[in-house]
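Student: Protein sequence lines, in the order shown, are assigned to chains B, Y and G. Going from the first sequence to this note's numbering is simple: count from 1 and add 140. Going from the second sequence to this note's numbering is simple: count from 1 and add 12. Going from the third sequence to this note's numbering is simple: count from 1 and add 3.
Worth double-checking, as some hints may not be accurate.
[Said to hold, decoys possible] Using C-beta positions, here's what the derived DEER-type ranges look like: (1) Thr-28(Y) / Thr-300(B): 25 to 35 angstroms; (2) Ile-169(B) / Pro-312(G): 40 to 50 angstroms; (3) Trp-341(B) / Thr-28(Y): 11 to 21 angstroms.
[To be verified] Simulated pairs of lysine-lysine, DSS-like, Cα-Cα distance not exceeding 30 angstroms: (4) Lys-195(B) / Lys-432(G); (5) Lys-248(G) / Lys-224(G); (6) Lys-345(B) / Lys-23(Y); (7) Lys-345(B) / Lys-181(Y); (8) Lys-337(G) / Lys-362(G); (9) Lys-122(G) / Lys-431(G); (10) Lys-332(G) / Lys-230(G); (11) Lys-189(G) / Lys-224(G); (12) Lys-429(B) / Lys-20(Y); (13) Lys-22(Y) / Lys-345(B); (14) Lys-128(G) / Lys-52(G); (15) Lys-367(G) / Lys-291(G); (16) Lys-122(Y) / Lys-240(B); (17) Lys-186(B) / Lys-431(G); (18) Lys-178(G) / Lys-164(G); (19) Lys-281(Y) / Lys-345(B); (20) Lys-281(Y) / Lys-238(B); (21) Lys-210(Y) / Lys-240(B); (22) Lys-52(G) / Lys-186(B); (23) Lys-238(B) / Lys-210(Y); (24) Lys-142(B) / Lys-184(Y); (25) Lys-20(Y) / Lys-240(B); (26) Lys-20(Y) / Lys-346(B).
No lab work stands behind these hints: they were computed from the structure. Just so you know, these numbers come straight off a predicted model, no measurement behind them. Backbone N, C-alpha and C define an ideal beta-carbon position, used for all residues, glycine too.
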Amino acid sequence: MKVRDTLENYVFVLPAVAIFSIFYIIPFIWVFQLGMFEWDGISFTKIFVGLGNFKEIFTQDVNWWHSMWNAGYITIIALTFQNILAFMLAWACDREIKMKNFYRVIFFIPPVLSEVVVGMAWRFIINDIDGANIINRTLIGMGLGNFAHNWLSDPSTALTTVAIVHCWKGFGWGFLIFLAGLQTIPRELYEAARVDGASAWQSFKKITLPLMIPIMVLVVILTVLGTMQVFVLIVSLVGGEFAGHTSVPVLRILASMRGSSRFGYACAQGITFGLVLVIISFIQYRFSKKGQ
Amino acid sequence: MKNAFYYKSKKILSNTLIHIFLISVAVTCLYPLLWMISSSLKTQDMIFKDISLIPHQFRLENYVLAWREGGFGRNFFNSIIYTVSVVFGIVIVSSMAAYAFSRLRFIGSKFLFIMFMAAMMIPIPGSFVALYVLLNKLHLRNTPAGYILCMINVGLSTSIFLLKTFFDKMPKELEDAARIDGCSKIGIWWHVAIPLAKPVLAVVIVLNALTVWNEYILALIIFDDRSFMPLQVALQAFQGEFVTNYPLLMAGLTITALPIILVYLFMQKYIIKGVTQGAVVG
Amino acid sequence: MWFKNVCLGAFVLFSVLGCSQQKIDSKPTINIWHWMTDRDATFQELAKKYETLTGVRVNFELYAPSDAYSQKIRAAAQGTNLPDVFGILGEKRDFASFIRAGHILDLTSYMEADNSSWKNSFFPKALAVNEFTPQNSYRINPGIFGVPIDIMTIQMVYNKKLFSQLGLNPSRPPKTLQEFLDIGAKIQAAGLQGLVSGWGEVWMIDCLASNYAFNIMGKDKVLATIKGEVPYTDPDWIKVLYVFKQMKDSGVLAQGLVTMINKTSEQLFANEKAVFAFNGSWCVNVYKGMNPGLEYGAMIPPEASEKFPMAIWGGAGSSFMVNARSKNKEEAVKFLIWLTSQDQQAYLAAATNNLPANKNSLSKIPEILAQFARGMDYATHPNVWGVSEFSLVIEAFDRGIQSIIIGEKTPEQVADEVQKIKERELAKKRAQ
Chain B
141 MKVRDTLENY VFVLPAVAIF SIFYIIPFIW VFQLGMFEWD GISFTKIFVG
191 LGNFKEIFTQ DVNWWHSMWN AGYITIIALT FQNILAFMLA WACDREIKMK
241 NFYRVIFFIP PVLSEVVVGM AWRFIINDID GANIINRTLI GMGLGNFAHN
291 WLSDPSTALT TVAIVHCWKG FGWGFLIFLA GLQTIPRELY EAARVDGASA
341 WQSFKKITLP LMIPIMVLVV ILTVLGTMQV FVLIVSLVGG EFAGHTSVPV
391 LRILASMRGS SRFGYACAQG ITFGLVLVII SFIQYRFSKK GQ
Chain Y
13 MKNAFYYKSK KILSNTLIHI FLISVAVTCL YPLLWMISSS LKTQDMIFKD
63 ISLIPHQFRL ENYVLAWREG GFGRNFFNSI IYTVSVVFGI VIVSSMAAYA
113 FSRLRFIGSK FLFIMFMAAM MIPIPGSFVA LYVLLNKLHL RNTPAGYILC
163 MINVGLSTSI FLLKTFFDKM PKELEDAARI DGCSKIGIWW HVAIPLAKPV
213 LAVVIVLNAL TVWNEYILAL IIFDDRSFMP LQVALQAFQG EFVTNYPLLM
263 AGLTITALPI ILVYLFMQKY IIKGVTQGAV VG
Chain G
4 MWFKNVCLGA FVLFSVLGCS QQKIDSKPTI NIWHWMTDRD ATFQELAKKY
54 ETLTGVRVNF ELYAPSDAYS QKIRAAAQGT NLPDVFGILG EKRDFASFIR
104 AGHILDLTSY MEADNSSWKN SFFPKALAVN EFTPQNSYRI NPGIFGVPID
154 IMTIQMVYNK KLFSQLGLNP SRPPKTLQEF LDIGAKIQAA GLQGLVSGWG
204 EVWMIDCLAS NYAFNIMGKD KVLATIKGEV PYTDPDWIKV LYVFKQMKDS
254 GVLAQGLVTM INKTSEQLFA NEKAVFAFNG SWCVNVYKGM NPGLEYGAMI
304 PPEASEKFPM AIWGGAGSSF MVNARSKNKE EAVKFLIWLT SQDQQAYLAA
354 ATNNLPANKN SLSKIPEILA QFARGMDYAT HPNVWGVSEF SLVIEAFDRG
404 IQSIIIGEKT PEQVADEVQK IKERELAKKR AQ
């Protein structure tokens, strides 16, 4: 009886595990062991270098860590600017206001557009030479001409500008998930609090926030994972790594694969990248468990 | 009297501010979309000369041209098949697995879940080549079935994660009630868990539909037959090595964006409404 | 509702599962994979023509963009599923790897048959890119392994109308670097943009830098540097890097140059916002589409030194290779001979405004293309030098130039960094 019970349980996970083993585990093992070879992606022979690639990444590859730092920077902006914006919008739409449905649809348009279009459209909006220079013109029109800037072509602002465009594209997801979460909070709790004389801020602090914490953790984890892997947007906005200013890990891996024809090294970079993400996610998870 | 007036005007003021906030964000969301549509109605040489949003002539024939030259008919159909199959596959497979991880006890449950989580976090660059060789060995390479299975795998981890998080929070009373009524495990999953999970399932559906719909590189690498290619691959035909036919590309991208917007429009009702129908006080 | 969905899903899965059958034809079919979106229509027409002539079906399949094409070829090579004819988009080093892995048919015997009639129909520089010379550093037996189907050169173009506007003679483009730099001040004063090019993509920078290197120190010294005999900290190399600094300081470069991809630069030049552009001969077709009325001329980059001639990159634009394992080798080669013959080349060139690889097909091409063609006299290409620089060194060099242009590093700093990486790579190579 117990055996049959356990077997039934396994049936539930069987399809997922089967597909996963074939289409993820096997390629993963292949890539993992490739990280220990020097290979150009074409020849039938590979040179075994053991941990040599990893040693190179950790001791010599300055560009790699610079790209990680850049990705981290974009991620921090996403975690703060993007998610706070998404939360505020979700909270605003949670109330009984007109045109709620309209906003819900509009805010999800950015995630639907392909990254290539987003890059092209925003480059058009921001850039002055090959674009319409709308942002600068608006600033000048508002009398804030001093703030007009070459947002994308100035190396010191390029990365931040890219990060903000990325936030623009991504906030729709956070908005959706937050809104769903906010709507699970029973209205009665707010009613009861109001009857007890609590102010809007107090009910927000005592009711909304605590109940939303698991959702926030979810959004944070997904944001980190998604943002660290950004790259298509960067190519369509600033043409590439911009002398390292907008370099990100995926672009470095692609450069190793295609530019230098070092497939094995690219795999080693990919594994390092994965490890870093796992460590970050693990820390986040632990942190959130403690909070609960 | 003063008090009532004060509160009322405060409410109007805060509502107005909120609306201004919402509208300004909405405008930034709409602008690029409008740019894409307006570019699709221009001609190649006007696209960068004329920067206004409203084009001087409305070249609607761009859409017809894009449809025909992009081979949209067949590829559009392919994309729909792939998206529906993959989404369907993921919904069933991941909800079963997530339910098991959350509610059922068996050896290795924690280990397997951690593996799925790790997979979500570790992207594999260069996996295209590995998948190519793998599918070749399985004789599934130039087949839709092979592509669909690969794409199911792509979305599996995140979907399991989302669903398990939800199932963990789900109150157990309904399941206990069903069990007492003599429902089998599959029955509980089907009749209790899935309906309650509608909002999360809707998120899973939208997320995966978007991924599959926009995918092109894996399709291009593992399919040789043009007749199997999805829409995004056909679209690339407008981005030539040297010449990009911008108006047609924009028209193509607009056509591509529409079905996903429709999917979202349909699903977002479930995400919001279905939640409050949960009917269980947390 | 759910049950219907399950049935539908199962039905769909089963029906598509069976869709992988392939028909077997009695006549041979040659499968050609290419990436040239702009030429697909022309290729299809030529294929039809060939079929009516010989009864052999030629199937051109387009996989674009070129990045994705390149990955597809490499994946197919792993699975030994390459088509009969394909292209390798990559450097000589990758080409060599493909040959060593046994994927590429040696075409030397075909080329040299009939008193080398096929070989002699090409511009020698077009073939050179596909050829491995004796004593090359790639350890490949000498031979010809690819067929060029067009040629291209990468030069500068200038806008004639803007020249007049600036008070310059539209028929006299700048010949020396100093003349070029002087125009920079005029451009700034007029509020126009100077040189545009896709320098967000580092290979274009590499091209111009290499051109100036040849001009300043001559081909032999450049090759010696690659071989490791001359360091990058040599004064001549610093002079090369200085060219870019001078260009930046003089204002002759467009703003935001380092963030542009080639398409953006093409758009700017076509819209007459930029006075100069650095681009390849394919740009003729692009500009025609964006602005048919554009008045412009081609010029070789203005010389920085009189000691050695200026070089430009040129040679085969696109080339096809034959799969050594193909069952239709002979038919594939026959088709390629037909495709590169005089009439077909003229047709291809006219249809897409490109330069033919067959030297007898040059008769009726537009003047601007003829200007590009004349540049072939100065043309060279890394794929013909017989040696390759380490890719990490190239990357550091090009990124260094980007840093010079945005004013973050000095030429000396860049030279130091590049040399350090060069020494590291040399040490690694010796250790192997």
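Student: Enumerate the violated hints, using their earlier numbering and listing them in ascending order.
Tutor: 2, 9, 10, 11, 12, 16, 22
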